[in-house]
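Let the hints inform the model, and build the full structure from the sequences given.
If you want the building blocks of each chain, they are given just below.
There are 2 protein chains.
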Amino acid sequence: MTETDYREGLQLQSTVKQSGQLEIALATVETPAPGPDDVVIRIEAAPINPSDLGLLFGPADMQAATSSGSADRPVITAPIPAGLMKMVTARLDQAMPVGNEGAGIVVGAGSSEAAQALLGKTVAVIGGAMYSQYRVAPAAMCLLLTEGTTPAEGASCFVNPLTALGMVETMRLEGHSALVHTAAASNLGQMLNKICLADDIALVNIVRREEQEELLRSIGAKIVCNSSAPDFKEKLTDALADTGATLAFDATGGGKLGGQILSCMEAALVRSASEYSGYGSTTHKQLYVYGRLDRSPTELLGDYGMAWGIGGWLLPHFLQKIGLEGGARLRTRVADEIKTTFASHYTAEISLAETLELKTIAAYGKQATGEKYLINPNKNPS
Amino acid sequence: MTETDYREGLQLQSTVKQSGQLEIALATVETPAPGPDDVVIRIEAAPINPSDLGLLFGPADMQAATSSGSADRPVITAPIPAGLMKMVTARLDQAMPVGNEGAGIVVGAGSSEAAQALLGKTVAVIGGAMYSQYRVAPAAMCLLLTEGTTPAEGASCFVNPLTALGMVETMRLEGHSALVHTAAASNLGQMLNKICLADDIALVNIVRREEQEELLRSIGAKIVCNSSAPDFKEKLTDALADTGATLAFDATGGGKLGGQILSCMEAALVRSASEYSGYGSTTHKQLYVYGRLDRSPTELLGDYGMAWGIGGWLLPHFLQKIGLEGGARLRTRVADEIKTTFASHYTAEISLAETLELKTIAAYGKQATGEKYLINPNKNPS
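Taken in sequence, the protein lines are chains A and B. Taking my numbering, I'd label the letters of the first sequence as residues 1 to 382. Taking my numbering, I'd label the letters of the second sequence as residues 1 to 382.
Please note that the accuracy of each hint is not assured.
Identical chains blur together in the list; that is why a pair holds if it fits in one copy or across any two.
[Claimed, not checked] Cross-link-like lysine-lysine pairs, in silico, BS3-like; alpha carbons within 27 Å at most:
(1) Lys233 with Lys86
(2) Lys86 with Lys121
(3) Lys17 with Lys233
(4) Lys256 with Lys359
(5) Lys256 with Lys233
Calculated directly from the structure, the hints in this document are not laboratory data.
Following this line, the structure appears as structure tokens:
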């Protein structure tokens with residue numbers, strides 16, 4: 001590997017055009033020269049997280065996407081409903097690179113000792129533009145993976161692990177003692193189960209299908225409620241009464257599920273109440289929405305008294321709240337347990353060009369629970 | 001007035017029966033003997049606030065209410081939908097007195113100096129059971145009304161004034177600088193306008209009808225948006241951009257309005273954003289639901305980024321949060337401005353028996369904006 005190898009490389013870019021079209025394409029971009037404290041990483045693994053899809057697809061109607069260009073330089077075009085263009089005025093006609101996190105080999109380094117020390121090492125990094133063959137990043141931002149960890153194993157070091165740990169931290173910070181999680185069979189949900197088992201925290205898992213229930217039980221989950229079962233609300237209320245969980249993290253966002261969780265929390269609290277209050281239980285019930293797998297409108301019946309809150313939960317906001325020290329503590333745990341607690345499983349490893357195939361877009365775009373795609377920007381086109 | 005007069009009196013009571021019926025009736029109850037520090041108040045004015053209706057009607061279907069008993073002792077019966085009975089298990093078969101706040105004349109007093117000092121005075125009081133002819137309360141709990149204030153003028157000293165002041169306090173405590181209020185032409189909304197004008201706080205009023213818009217403008221409101229107007233969302237977004245309001249108090253609860261406010265707040269913030277973020281603006285947008293005039297499900301589209309929160313807001317919880325000193329500061333302002341800022345207007349003054357007439361129930365049960373009923377438990381039956 002000589003220095004010239006990384007002077008330019010392919011990058012996936014998403015552009016919202018003034019005309020109301022979304023365009024996703026590959027561009028050859030120059031790799032910026034690394035500063036003294038920077039390294040150049042040859043990215044070999046970058047997951048497609050649900051949190052990447054907002055930037056990648058914008059508000060475009062991907063069902064109506066079409067493909068043009070060549071096999072190794074496909075161009076995807078999709079219409080954006082007129083009413084949604086106002087959401088994206090700030091990114092109009094800018095080719096935005098995508099990919100929150102990734103991992104790879106350090107193939108170039110600035111003059112500083114810290115940067116030079118990473119040459120040839122495998123590192124994970126967060127910060128956007130990871131769906132690129134080469135990414136320059138400050139050495140201080142790189143998480144050095146332990147010897148023997150591959151880029152694929154280290155690619156999801158940040159988003160899912162820190163989100164799962166962040167849920168547990170939020171629970172402690174806000175004075176709750178147990179957790180509820182939806183879409184619980186996801187990669188993230190499996191991590192959360194492992195953390196809660198290790199830390200002895202009661203976790204109520206909510207899934208939609210029987211196979212997901214079995215999957216979670218097979219990794220040791222103790223409480224799993226199936227929202228498709230006819231007795232879902234009774235079972236959930238029982239689980240909430242048993243665990244005392246008054247905090248839920250919801251990945252679905254839309255539909256009735258979030259409101260049902262609050263309603264069942266209230267029912268569980270009222271069960272043990274000795275005195276009637278017209279305003280319901282005085283115990284605060286909190287639902288955090290951290291994803292929107294269900295894009296239908298959220299429906300709330302309001303049958304959970306007055307002590308309740310619903311809010312958006314976003315990893316960067318949370319990390320800001322706990323500060324550098326808190327963040328470092330969580331990162332250390334991730335690096336130590338990357339092959340166990342925080343191991344991710346991928347449906348397929350795809351190249352940048354494959355990322356822009358319509359059938360592949362349809363697959364990762366549907367965000368099926370437990371299905372996750374890994375982009376290798378340096379994978380030879382198949 | 002001799003002591004024997006208040007030994008017993010009429011009291012309005014609401015009972016949820018095991019059989020699934022709500023019953024509202026008048027009972028003759030003994031007035032407890034006042035302790036040394038207590039006074040006996042002959043209640044002459046107690047408002048029917050939206051917050052009283054939860055205890056009064058429970059989850060009963062009042063459209064199906066029927067009346068029996070005599071003209072001076074009517075009995076109202078209404079069915080409770082089976083699915084809602086679980087909300088009221090804690091009050092089953094208990095005759096619950098109703099009425100959060102009221103005012104009247106002190107007609108009896110315990111031996112302490114503080115209690116004796118109130119004899120013959122007009123006081124306001126909060127604490128439930130105000131739809132009663134006589135109410136015993138600790139002297140320390142009574143707000144002594146200034147000379148010349150009638151019970152009717154002082155009857156709504158607590159709930160609406162403290163709620164309106166609480167909104168402004170919440171705004172300051174949580175770092176917002178302007179407010180949005182729905183059902184803004186209500187008694188409470190008018191108070192809030194007077195407070196905001198006096199304190200130089202930008203207030204975005206949302207109403208549903210043109211007459212309400214005119215009413216608010218006639219008392220000096222500067223910004224009024226009509227949610228029935230075709231350009232409502234544009235006008236609201238303009239108002240939010242102008243004022244920078246990122247906190248809203250919503251009395252309606254159900255329907256789309258709450259979500260629309262968050263969405264317009266986000267649109268106003270994105271307008272001035274220099275950089276695109278897939279997660280939307282990082283400025284926190286907060287909606288507090290303090291009533292549920294609209295009983296339909298709440299519908300949220302989620303088109304307001306990730307920095308948002310929705311929650312229940314309840315006066316007692318808020319007062320607990322600001323502590324005794326904070327509460328006393330707010331109460332003093334109310335007593336000083338009871339005939340101006342905090343003046344209430346009533347549609348009619350009704351007796352206890354009139355409170356249980358089906359046509360009157362239908363009138364105050366619909367909670368029409370700006371319509372408010374005052375019960376005088378000692379009014380001679382008309």
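Evaluated hints:
1. Lys233 with Lys86: between (39 Å within a copy, 13 Å between copies)
2. Lys86 with Lys121: Answer is neither: 44 Å inside a copy and 61 Å across each miss the 27 Å cutoff.
3. Lys17 with Lys233: So Lys17 and Lys233 pass the 27 Å test across copies only (25 Å; inside, 45 Å).
4. Lys256 with Lys359: neither (30 Å within a copy, 36 Å between copies)
5. Lys256 with Lys233: For Lys256 and Lys233, the Cα distance is within 27 Å both inside one copy (12 Å) and across copies (25 Å).
The earlier numbered hints that this structure contradicts are 2, 4.
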